[in-house]
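K.L.:
What follows is the residue order along each chain.
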Amino acid sequence: MGKKNWRLERPLHLMILPGLLFVLIFSYAPMAGLIIAFQDFIPTKGMFGSHWVGLEHFKYVYGLPQTRAVVANTLFISFMKIVAGLVVPITTAILLNEIRKQFFKRAIQTVIYLPHFLSWVILSGILIDILSPSSGILNQGLGFLFGAKPIFFLGDQSWFPYVMVTTDVWKEFGFGTIIYLAALTSINPMLYEAAVIDGANRWKQTLHITIPGMFPVIVLMMTLAIGNILNAGFDQIFNMYNPSVYETGDILDTYVYRLAFVNAQLSVATAVGLFKSIISFLLISLSYIIAYRFANYRIF
Amino acid sequence: MVQHKSALQRTVYVGIYCLLTLVALVCILPLINVLALSFSSNDAIQADKVTFWPVEFSTKAYHFVAQKKAFLLSIWVSIQRVGLGLLINMVLTVLVAYPLSKESSHFRLRTLYAWVFVFTMLFSGGLVPTYLIVKNLGMLDTLWALVLPGAVPIFNVILMLNFFRALPKELMEASFIDGCGHWKLLWKVILPLSTPSIATVGLFTIVGHWNEWFAGIIYMNDSIHYPLASYLQTIVVNLDISKIANIDDATYLQSLNDRAVRAAQIFLGALPIFCVYPFLQRYFMSGIVLGSVKE
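Top line first, the protein sequences correspond to chains A and B. In my numbering, each residue's number is its place in the first sequence (first place is 1) plus 172. In my numbering, each residue's number is its place in the second sequence (first place is 1) plus 6.
Please note: incorrect hints may appear among the correct ones.
[Claimed, not checked] Reference excerpt, derived from the structure (chain B facing chain A, CB under 7 Å, subset only):
#1 P36
#2 I38
#3 S64
#4 T65
#5 H69
#6 V102
#7 F129
#8 S130
#9 W189
#10 N217
#11 Q239
#12 T240
#13 I272
#14 I279
Keep in mind the hints are simulated off the structure, nothing from the lab. Note that the Cβ used here is the ideal one computed from N, Cα and C, for glycine as well.
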């Protein structure tokens with residue numbers, strides 16, 4: 173019986189083997205490489221020749237004044253992105269759901285999904301131009317309409333985090349509506365018919381049927397988002413920040429990048445990365461467990 | 007649902023239409039602005055006359071870009087990367103997704119394998135250790151560094167295996183009775199039935215490889231190996247003229263507005279995405295639903 177099974181299953185093992193090898197080399201080997209966080213790693217000496225220093229790099233990073241700011245920035249920017257990233261797509265989905273003219277609805281969807289597929293490099297290039305204080309159309313428009321003084325959106329510490337949140341919502345809200353539109357279609361139409369008979373207008377129906385009907389999906393998306401709270405958006409911030417906004421705009425991932433490739437402190441960068449990976453792992457696992465328990469959500 | 011609309015309701019509906027139109031304009035106008043800039047003359051751009059329509063129409067920026075060696079070279083790198091990356095990703099995605107789509111009773115180590123793959127979504131070695139692996143394998147400054155570290159896209163594997171699972175089980179049982187092995191079953195039965203999900207995952211992969219820029223920045227020491235996305239990152243975002251422009255470029259740039267050139271390159275970089283977008287839109291809906299809604 174055992175032999176027969178093995179013969180039947182052998183092709184399956186063979187199929188999975190190449191993928192498994194790639195994952196072992198490019199995902200698991202780096203996990204083993206995390207030990208350099210506990211070494212004074214020198215590339216020429218390699219992983220086995222470098223000195224062990226225990227938790228020294230963690231203590232060093234903990235003592236750096238900017239570390240605390242970086243963690244605070246990460247949480248602040250992430251938290252605002254989560255809130256705005258829930259409110260805007262949900263509102264848009266509810267409004268789109270009211271549209272009866274299919275052509276109009278399709279046209280709006282086509283346009284608002286588009287930015288999701290463009291990379292942050294492209295979009296940053298566009299946004300840097302638009303947000304420029306001297307020649308950008310946004311400042312020109314504000315000046316023309318309100319006589320406002322030009323605002324240096326990407327160079328002003330107090331503006332920068334909010335610009336990140338706004339532009340992130342701008343890129344992703346359209347795509348985010350998809351899941352809520354799907355949730356809306358699964359609401360039983362008989363509920364609306366009953367509500368009409370009871371004399372509820374469209375607003376009351378939205379309040380008492382549509383929003384409660386979407387509630388499970390909203391909670392699910394929120395849970396999954398909180399698991400990712402340490403990812404404040406490397407691609408976006410790396411392409412738009414500059415030294416004058418480090419104080420409010422620097423996040424864990426950009427910090428790790430600069431420690432590694434600008435300061436060449438490979439071990440310190442790895443220590444910060446390891447810290448982030450562990451906390452993220454716990455949060456993401458927890459969010460999946462909660463999502464599984466309460467919404468029966470499974471990734472596969 | 008028959009409803010008699012009052013004047014108030016009608017006003018609200020007009021409001022919703024206007025609001026959504028406004029929202030859509032906010033999404034699209036920045037892109038139109040860049041397009042308009044790329045086709046405008048130097049004088050018009052410097053006088054801040056350009057908004058959403060080219061002023062003093064000119065294709066000079068495109069002529070300049072078309073003879074820029076670094077730009078053309080990076081497009082070639084991107085094309086190679088997308089081609090090779092697509093091949094590797096699709097083959098590995100299918101080969102991993104098929105065994106994982108089996109029940110544990112038919113493939114006893116399935117759960118173990120599945121966890122090995124899923125764990126990489128939850129925990130990662132991070133930037134520096136991954137970089138060191140790629141470096142130690144001697145892949146710096148080669149195309150392999152751009153395609154091999156992400157050779158098994160786990161998210162796509164999950165999309166695909168959920169799709170395989172939704173296929174009727176009777177088909178596979180019938181094939182087995184007919185003496186068909188796993189390889190033949192996958193090649194002759196499963197794949198022909200899976201064209202929608204293969205197209206979805208394939209398009210995601212193409213877009214992903216075309217847009218990915220970070221691997222190029224960290225793994226390529228010499229910018230001649232940059233794919234287009236990484237090249238754009240250095241010139242569009244860093245605005246570091248000294249890094250990209252040799253002296254000939256600099257003199258040319260004086261007669262030609264740098265903003266127009268940047269705009270032209272941004273637009274050309276996004277053009278392939280615009281081209282596949284209609285197909286993406288048709289497919290990604292099914293892809294998203296596959297990935298998120300299960301019974």
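K.L.:
Each hint needs a verdict: does it hold in this structure or not?
P.N.:
Results for each hint:
no., hint, result
1, P36, "5 Å, holds"
2, I38, "10 Å, violated"
3, S64, "18 Å, violated"
4, T65, "19 Å, violated"
5, H69, "20 Å, violated"
6, V102, "4 Å, holds"
7, F129, "5 Å, holds"
8, S130, "6 Å, holds"
9, W189, "6 Å, holds"
10, N217, "4 Å, holds"
11, Q239, "5 Å, holds"
12, T240, "10 Å, violated"
13, I272, "4 Å, holds"
14, I279, "5 Å, holds"
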